[in-house]
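Undergrad: Given only the sequences and the hints, what does the whole structure look like? Please build it.
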Amino acid sequence: LGLLCPDLATAAAASAGVPAPLPLHVRTPLIESRPLARAMGIKGCRVWLKLENCQPTGSVCLRGMAHAVRRAAERGFTHVVTSSSCAGNSGLACAYSAARLGLQCTVVLPESAASNANDAAVAQEARARIADEGAQVLLHGADWPEAHSQAELLAGQLGRSVCLLHPFDSEDVWTGYSGLVDELAEALNGEQPDAIVLPVSGGGLLSGVVSGLWRYGWVTTPVIAAELRTTNGGCLDGGGGGGVGRPCQRALDAAREQPLHSVTCSQDEAAKASVSFLCQHQLLTEPVCGAALAAVYGRHVGPGQLARPQSANIVLLVTGGRSVGLQQLFELAGSPLPAPCRSRSSSNSSSSSSSSNSRSRSRSRKKMTTLQHIVTNSRPLCNSNSKFTTNSPRRNGEQPDAIVLPVSGGGLLSGVVSGLWRYGWVTTPVIAAELRTTNGGCLDGGGGGVGRPCQRALDAAASSRCTRQDEAAKASVSFLCQHQLLTEPVCGAALAAVYGRHVGPGQLARPQSANIVLLVTGGRSVGLQQLFELAGSPLPAALPQPQQQQQQQQQQQQQQQEQKQE
1 LGLLCPDLAT AAAASAGVPA PLPLHVRTPL IESRPLARAM GIKGCRVWLK
51 LENCQPTGSV CLRGMAHAVR RAAERGFTHV VTSSSCAGNS GLACAYSAAR
101 LGLQCTVVLP ESAASNANDA AVAQEARARI ADEGAQVLLH GADWPEAHSQ
151 AELLAGQLGR SVCLLHPFDS EDVWTGYSGL VDELAEALNG EQPDAIVLPV
201 SGGGLLSGVV SGLWRYGWVT TPVIAAELRT TNGGCLDGGG GGGVGRPCQR
251 ALDAAREQPL HSVTCSQDEA AKASVSFLCQ HQLLTEPVCG AALAAVYGRH
301 VGPGQLARPQ SANIVLLVTG GRSVGLQQLF ELAGSPLPAP CRSRSSSNSS
351 SSSSSSNSRS RSRSRKKMTT LQHIVTNSRP LCNSNSKFTT NSPRRNGEQP
401 DAIVLPVSGG GLLSGVVSGL WRYGWVTTPV IAAELRTTNG GCLDGGGGGV
451 GRPCQRALDA AASSRCTRQD EAAKASVSFL CQHQLLTEPV CGAALAAVYG
501 RHVGPGQLAR PQSANIVLLV TGGRSVGLQQ LFELAGSPLP AALPQPQQQQ
551 QQQQQQQQQQ QEQKQE
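Take the sequence shown: its position 37, counted from the start at 1, is 37 in the UniProt record's numbering, and no numbers get skipped.
I should point out that these hints are in silico values taken from the structure, not numbers from a laboratory.
We treat Cβ as the ideally placed atom computed from N, Cα and C, and that holds for glycine.
Warning: the hint list may mix true and false statements.
[As the list claims (entries may be wrong)] What follows is a set of in silico ranges between Cβ atoms, one per label pair, in the way DEER data are often shown:
1) 152 with 26: 29 to 35 Å
2) 334 with 500: 30 to 36 Å
3) 267 with 464: 32 to 38 Å
4) 152 with 120: 23 to 29 Å
5) 398 with 120: 38 to 44 Å
6) 470 with 189: 42 to 48 Å
7) 524 with 299: 36 to 42 Å
8) 156 with 215: 31 to 37 Å
9) 500 with 189: 15 to 21 Å
TA: Written out as structure tokens, the structure is:
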């Protein structure tokens, strides 16, 4: 109940006099995307993005695995064993959930050799993230089927207290995924969507979504299942298009029982779609998710697949995932990043991976690092500010020990301070990070490019930290590589305060057990190319784009030339 409807779960627990179960996943936003609606080329059509990349582990896999791990705990198991592909999304979700429920966890990953340095770095990072959650990581086999066979053998050897969790072929996993539809129904005010576009690999997400649609009686809602084209074929024709072998039977049944259309795309098409999505929506996704994006960018979702072509509400599941980094994504799309970008971000990644590996051996599985990035744990930022990395758990209603936020005109600072006063948190330090300009910073009256700040901001007692624009841009690039979110330099100033270790023990009430909240304010004042230019590493002049977008631009240029000639 907590996964399907957290509000009802809380009310039921309160009426029974027992504490509500700790939520393991978050309710993700549903936002409208005008760029994708324009890309579809269907007049009156609206595209909605369900941002599952905002889950604490970075992917939709947390929904399924969190429910499966919780059910294992309820049945009395004390140890869960699962397998995962090299990307490690489901393995990370399992390790994350087990750590918060106090269970031991073992994840078996393939030990296949990477084809290049970037692949090796991504695989190493996936292993480090899983180990950082306190799980034991084992390497076995050349691919996922061999790794899963080893997981089955291991679970049988460890005894009755061990539960084997299949990453996608499980009723519990499907039930966890089906809760996604509950959130859609609420966000759309009960209106039935005209189509749902989602990526497919093993078929677990598809099975869960279809189960949720049936629960609401939405049996006529078309599902467009987008998958990467591989040498073995796609998932829905039995080939197992995500490197996970044959898909679960439930997914094949769903393909026959629900109006379903399968779309396949090549890896470079998916990568180009992910790059375009990054430029337009400031979100970095892996190519598996890019397959669903390519289905929309490439206009593979046509009027014939929609019940109401002229007034359709199409929901696209942005499933996230961390199987590729920024460098690898651009290489897959045919535009490698310049050398300075590769060297800087790879060094950041390797240093955070090595330090997290060394600490994970001694960290308790029941405990967690407490430097907060919105509602998720930001371990790379903890590594940058490692003197604040602690093992104390976060509790609901606990006063934060510091809030780090960017400042420009002072409106955000004024509002946050007012909110702190409302809760009586008058001792919580606020670290206001601002870009250094020729006029000075906001809090000394310069205004950071927006004129004089509001008087309320000047009255707020806050520690001020000024950052150069290139420092802020470099911090934003590092954050993009580590957290798959593109932010503008104004927000990068707050990130730089943490990356640069400018938040000192003297600013915290509890330096050795601090909960630090960092406000990631986003912003779209710069694009991807401009951000890298500010950071000192310009990107290629022409970023890779889906073929459909290239054709549209060529047509527009041709029309402009014809108009000039006339």
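Undergrad: Now tell me, hint by hint, if it's right for this structure.
TA: Each hint tested on the structure:
1. 152 with 26: 29 to 35 Å: Given a distance of about 31 Å, which is inside 29 to 35 Å, the answer is holds.
2. 334 with 500: 30 to 36 Å: Taking Cβ atoms as reference, residue 334 and residue 500 lie about 34 Å apart, which means the hint holds.
3. 267 with 464: 32 to 38 Å: The hint (32 to 38 Å, Cβ to Cβ) is violated, given that residue 267 and residue 464 are roughly 47 Å apart.
4. 152 with 120: 23 to 29 Å: Taking Cβ atoms as reference, residue 152 and residue 120 lie about 27 Å apart, which means the hint holds.
5. 398 with 120: 38 to 44 Å: 40 Å, holds
6. 470 with 189: 42 to 48 Å: Hint holds: Cβ distance 46 Å, inside 42 to 48 Å.
7. 524 with 299: 36 to 42 Å: 25 Å, violated
8. 156 with 215: 31 to 37 Å: 34 Å, holds
9. 500 with 189: 15 to 21 Å: 45 Å, violated
Checked against the numbered hints given earlier, the structure breaks hints 3, 7 and 9 and satisfies all the rest.
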